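Enquirer: Each protein sequence line maps, in turn, to chains F and B. Per numbering that gives the first Met the number 0, the very first residue in the first sequence carries number 0; after that it's consecutive. Per numbering that gives the first Met the number 0, the very first residue in the second sequence carries number 0; after that it's consecutive.
Rather than coming from a laboratory, the hints here were simulated on the basis of the structure. Among these hints, one or two may not hold up.
Taking CB as the label site, the calculated pair distances span [as the list claims (entries may be wrong)]:
1) 115/B with 810/F: 49 to 55 Å
2) 810/F with 226/B: 43 to 49 Å
3) 496/B with 331/F: 38 to 44 Å
4) 597/F with 245/B: 55 to 61 Å
5) 581/F with 496/B: 23 to 29 Å
6) 597/F with 493/B: 39 to 45 Å
7) 204/B with 568/F: 23 to 29 Å
8) 304/B with 597/F: 43 to 49 Å
9) 28/B with 597/F: 50 to 56 Å
10) 806/F with 240/B: 17 to 23 Å
11) 407/F with 28/B: 38 to 44 Å
12) 810/F with 174/B: 32 to 38 Å
Sample of chain F residues lacking proximity to chain B, with all beta carbon distances greater than 12 Å (derived) [stated by the list, open to error]:
13) 103
14) 343
15) 407
16) 444
17) 511
18) 598
19) 707
20) 763
Since we're looking at a predicted model, the values are computed, not measured. Beta carbons are placed, not taken as given, at the ideal position from N, Cα and C, and that holds for glycine.
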Amino acid sequence: MKVPGRLQRLAAGLLLSGLIPALAAAQGTTLSGRVTGESGAPLASASVRIPELSLGALTGADGRYSFTVPATSVRGQAVTIMARRLGYEPHSVAATLTGTGIVTDFRLTQAATALNEVVVTALGIERKKSQLGTAVQQVDNAELNTTHDLNVVNQLEGKVSGVTINASGTQGGSSRILIRGANSITGNNQPLFIVDGTAVSNNAIGSDANGSGRGLDFGSVINDINPEDVANISVLKGPNAAAIYGSRAANGVVLITTRRGQRSGGIRTQATSGVTWEQPSILPTYQNQYGQGAGGQFKFVNGKGGGVQDGNDQSYGPKLDGRLIDQFTGPQQPWIAHPDNVSSFFNTGRTIVNNVSFSGGTDRANARASIGSEAVGGIIPNNTFQKFTGLLSADMNVSSRLSATANVQYVANNGHNRAGVGYNTGILEQFIWFGRQVDMNALRNYYTDNGQLFNWNYNYHNNPFYLQYANPELDQRDHIIAGGSATYKVADWLNASLRSGTDFYRYNINQNYAPGNINFTNLAFQGGFYYRNDYSSQNNTQLLFTANKGVGSRLQLNATAGGNHRYAAYRYNTTASSSILAADIYNPSNSAVSPTIGLYDERRATNSVYGTGSFTWSDFWTVEVTGRNDWSSTLPKGNNSYFYPSISSSLVVTDMLPSVKGNFLSYLKLRGSIAEVGNDAEPYQLQTVYVGNANKFGSLPQYTLNDQVANVNLKPEQTKSSEAGVEVGFFDNRITLDASVYNKTTTNEIVNVTVSPASGFTSAAVNAGKMQNKGFEALLNIVPIRTSGGFEWTSTINYAANKNTLVALAPGLQTIVLGSTWTLNTEARVGQPYGSLFGNGFLRDSATGQLLTSGGFPIKDPNRRVLGNINPTWVGGWNNTVSFGPFTASALIDVHKGGQIFSVSNMFGQYAGVFAESLKGREVDWNNPGLVIQGIDQQTGKPNTINVTAEDYFQNLFEIHEAFIYDDSWVKLRELRVGVELPASFTSRLRISALNIALVGRNLWTHSNVPNIDPEFSYQTGNYQGAEFAALPTTRSLGFNVRITP
Amino acid sequence: MPNKFTAIAAGVLLAAGALACNNDTITNLNQNPNNPTSAPPGPVFTQAVRLSASRFIGNGFALRQTEFVAQHWAEVQYPDEDRYARLGPADVQGTFNGAYVSEIEDLKNVAKGGLAATNPAVYGPASVLLAWDYEYLTDTWGDIPYSMALAGDSASPNFSPVYDAQKDIYTGLLATLTKATTDMATLPNAGGFGSADPMYGGSVAKWEKFSNSLRARLAMRLVNVDKTTADAQLKAAFAAPGGVFASNADNAQFAWPGDNVYNNPITDNFITRDDHRVSNTFSNILVGNNDPRTPILMQPTLADATKYAGMPNGLNAAPAGTYFLTSSRPGAIFFPGATTAGTIGSSANKKNPSYFMTYAEMSFIQAEAAERGLGGLAAGSAATYYQNGIKASMAQWGVTDQTAINNFLAQPAIAYKGGVEGLKQIAIQKWVALVTDGAQSWAEWRRTCQPSAIAPGPGAVVAYVPRRFQYSTTEYSVNPDNLQAAINRQGPDTFATRMYWDKSPSAAPTCS
């Protein structure tokens, strides 16, 4: 049914409904017809409905349906009749209810969720899932965009089995994504991102959240992708699926395909708008009985120690009983609690997302243009983000033999006044070291009337409002992803295509520090600044031949052969000064001291040739082999060429043996594959270099030998992987399961091993080590209820358990330290899963296991040991969607089971007497009743009887890491959406063809065993994870989303 | 068939294309554009001098760790280090690790290059400073990697060197200093570092003095366990070409640029921190003896501007905090002007020198040698050397009032008594003069038991003053076998184990 234009049709409907209401017949209308598949075979159990009226029926075994619209509902209005069946594309036609019977037949085409689903695989080639021997999971636009997040990666959370995503709480921050566990000990473990055939960077910029450095998470580059433009995301999980992409695909591939124009004729317009409001999902639970100070004492004079304990930033001071005490707000102020002093610092954030797209085309050419914007007012005061995205894509058949495609995306991404994380920069830091009596509202004027800084403490902290309002930070990224290809049909069975793609961005960070900033400026001067410019570009050019030939009637042969040249350049420079002369002039020329400058330049290239060959027998048995050879610039001559093969096979049992197919078993497919992937080194590891120091010592230049020693004999590392999978459907596909087991082993790892510093070096790049990941992952889809009334409940569960083992490191080496915070290391230890938490526990009596005490305090065990491991036992997601008539509701629960984290926030929150836990032992007064720790006195050998104050007890727990290691199990209500497709009778009055309004929420509920903090956090995308300090909580958001199709 | 032809042609093209990419030369792209593979010795030496000072006599190891153990200073707010609670393997590993990979490795390479070029004006100073760095390491930990260390970049790299016995390390360091002096004296001024040497501007003669003085320090350190060697080495050091320090002008020190990029590390610490106070141990000796250095090394208390007072070491946080106003901050000379606590001191203090070794210390070594009849010095000269040391220290810290100095020296408690009492006086005044150099002060206390007031505070986690620090956690991870061999030889890796030169306290007459 071809209609000249939807608008005309709608206008007609509008006219009919508006002008001829009298025609509404006195009798009901019977709708009937037949639903068949493409072959004409009848389809049973298909649902045929009028969503607007919530009426409908299921087809019988003969594919026939029939139902009646009661007379009272017939008003001559335009309605939609929709036929749906699992495994088929829904189809709808328009009709007008006038009282006479309507006969409509539907012929549904197979699609979605079944074996015949077409998925995007390596090189962007669309393949029938039935022919794939490897695990691929595809997430389509609607599923991806259930709700909205600043980072598209976060929108995958809980949706793909085998994928673990850790979002950083910071708005605009980065997210770490791991597919089937970590492969590399010290190298990159992030998957390769490909957007429309172009490899895209996922560099993360910023410093570690725990470091003493800048502590800002500037997000990762993949944040730039506008989720509204995404047609689907295919996750190629193993090296098996990705062997063809080469080295960088050893960690899996995330293939993002953007939407393209339709060739159906006419122009389609779609607009979406959303607004959500955000709040911190979790804030610490504070005590509100004691204010600032130590030893129960406090008196403010100058906030630097001039009074009584007034330089102190702890809350072991006097009881908050209303007594009058000199405070930062003035002399003799009532000493009272401000229970909401932290929560009132936060704003309700607000995100407004708008997107409009136009698409269309003829049979020769099609195009799509999309413009999006996103404006975020952060939960931290004065923090905003703006993103603007533009995407243009086009496809053209130049002639019957030559076709071409092109796409270009431009993204402008601006962040203002991002909130710091971690020590010194962390905005939350001073709410962990805090005076509980502090009135947050009093801090809003951060300068006094005579221009002096105003704060509750002048020793260790900046006023948080001053940080956000007077120390402007601005970062801007201009990002372009552009690609084009031309395909020439050499013969009916042979195509040749040339594709070239570029991904490049420039990123500027401007951070100014106002006079008086304790952490980043020299107080003798008028402030400071930090400027950074990044430039990254990556080009891939590829020539590919694709052959596809049938031999006889049953054998199909496919082959590809190609070559690729990759060139990547990365460069950044920094200029910083902690001392400027004239206030407000943030320019190196105004620096009172030599500014610190830095430049880093990196280039690398890879040449590759590769090929694939496959045969498919009778559409049910496929065998594919692939091979690739890379030449990498980062490996030494002689070792820089490496080859890696793969073989995979799939067998559709239900097609091979049609007799097994029935009401119980709808389909069954088995698959398996074995693959190898080689990997090269990071650049510049072949020569030991001297590192210069841009800062002269007085006037003297300085050099030092680099701490990493070179290795001229590096070899490529290798990941070998095997996997087997089953895809099965039962009860007419109402239950489908896609499950895989895999075993991956990376050997010859290029590891920067920690060596004895007495060798003169901290690390050496060596080929050593072996890491194994074994796992199971499953995606289960169930339709428990589907009624003739149009009620449908779909439940999707994904589950993944990965067991990682570091089998070996270099000879004699037991561990590599991945990172350390307050002497708690995250390590790669032989025999343990990657990411051991290694530090100090309690010293215990070996016989009874009781704590040993000394002077009434627990004792730190000087023998450090493994206290936990960051790897979850399993992760999963459970999504439920219920649809009834025009209403659809879905809820996604994200589960993270097991693993441990070290929480520095909890350590210092207790040390500083700020968190609620620190009330223990001072229920009556600061030193009363005190604590008698249950344990055995080390000196006497008898039970401890010494009473200690809460203050001394909690401060003695410092760096006894065991006390602050928590089980990292959590459950989150990740997504919630309740949407309604407004009836045509309503939308037609608005002169639009479709309108969907939804209530959307993210992270609405969290259950976790970790007190006071959001258990989900990450330090950017690197390998150092598992230790938290002053991490910002993820946001809980709630709002609306509107999708309009004119 | 044209199509077939096209396919073949394309295949050939592809293969040719792959070859044309010239995969053998692709590695040339991997030449590091950021950093050179060699550097001239001068700038490497400059950085090694700076890092040596920052590491061992700067604001971490000295100001926050060893100075609390040596009890010149105490912690008023975060007393963990003062309670020895934050001196564990993970807390001190930075000093151990950093010294080896930074200045020691660099000095080795500079010395190696100088030796290859037969230029003692290069390898002489580099070897002397290398020995100085090693001395701080071994005096802190005892047995450490030495003979097989620094071979990570040799043809067959050694990434886990053995630990040498401290006795052998001392032998090695004394030999290094002997050779450095001898060679510098026989082949002087063959093109030294010039201005790249922030300590002596390239003066080989001064480096000879430093070498000999350091040799004397090492020799005296051995006196309780090997008096014969101590005697012989002291004698040789005093007689070596160039002699030992003879005035403050000879001091091994350099002034910091004070440009806010490189400030004196102690003043740099006080820009943002106000948690140091003078220890009772130090205050009692300064104030109790009307020491003219008192108003320079201490500030009046915040509570009473007429009063100088110390506080006990090793308190728990709450009692420590009560001393915030009632005990003295370290002297204004250590403060940089603008600080978070207000303006204290002068911004010129950012240029204050760091003292690697001083004439004052040298004089006290001579005084002790004379009193003990070592090194060929006349026993009667001890009093003079003792007074030289006090006067040198007064001058070094800026006391110019000669009357005050003479009055101080004339006091019965200070006037030199000779004998064991004289040795105690020498040890105490040496400890006073060594303020800011926590490691030396601590080592001298271990050797001489003076000042005898040094004892663990009430909050201390062990009931004794540490005799050493525990080994680096990195070494436990990556060099466990050699580390274990060292522990088997030296004793358990605890604060209590005494190192080689600390084994015979009864041999020290000042310990009774």
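Enquirer: Evaluate each hint against the coordinates.
Expert: Structure-based check of each hint:
no., hint, verdict
1, 115/B with 810/F: 49 to 55 Å, "violated (32 Å)"
2, 810/F with 226/B: 43 to 49 Å, "holds (45 Å)"
3, 496/B with 331/F: 38 to 44 Å, "violated (55 Å)"
4, 597/F with 245/B: 55 to 61 Å, "violated (45 Å)"
5, 581/F with 496/B: 23 to 29 Å, "violated (57 Å)"
6, 597/F with 493/B: 39 to 45 Å, "holds (42 Å)"
7, 204/B with 568/F: 23 to 29 Å, "violated (52 Å)"
8, 304/B with 597/F: 43 to 49 Å, "holds (46 Å)"
9, 28/B with 597/F: 50 to 56 Å, "violated (22 Å)"
10, 806/F with 240/B: 17 to 23 Å, "violated (59 Å)"
11, 407/F with 28/B: 38 to 44 Å, "violated (28 Å)"
12, 810/F with 174/B: 32 to 38 Å, "holds (34 Å)"
13, 103, "holds (47 Å)"
14, 343, "holds (26 Å)"
15, 407, "holds (26 Å)"
16, 444, "holds (21 Å)"
17, 511, "holds (18 Å)"
18, 598, "violated (7 Å)"
19, 707, "violated (10 Å)"
20, 763, "violated (6 Å)"
In terms of the numbered hints stated before, the structure departs from hints 1, 3, 4, 5, 7, 9, 10, 11, 18, 19, 20, listed from lowest to highest.
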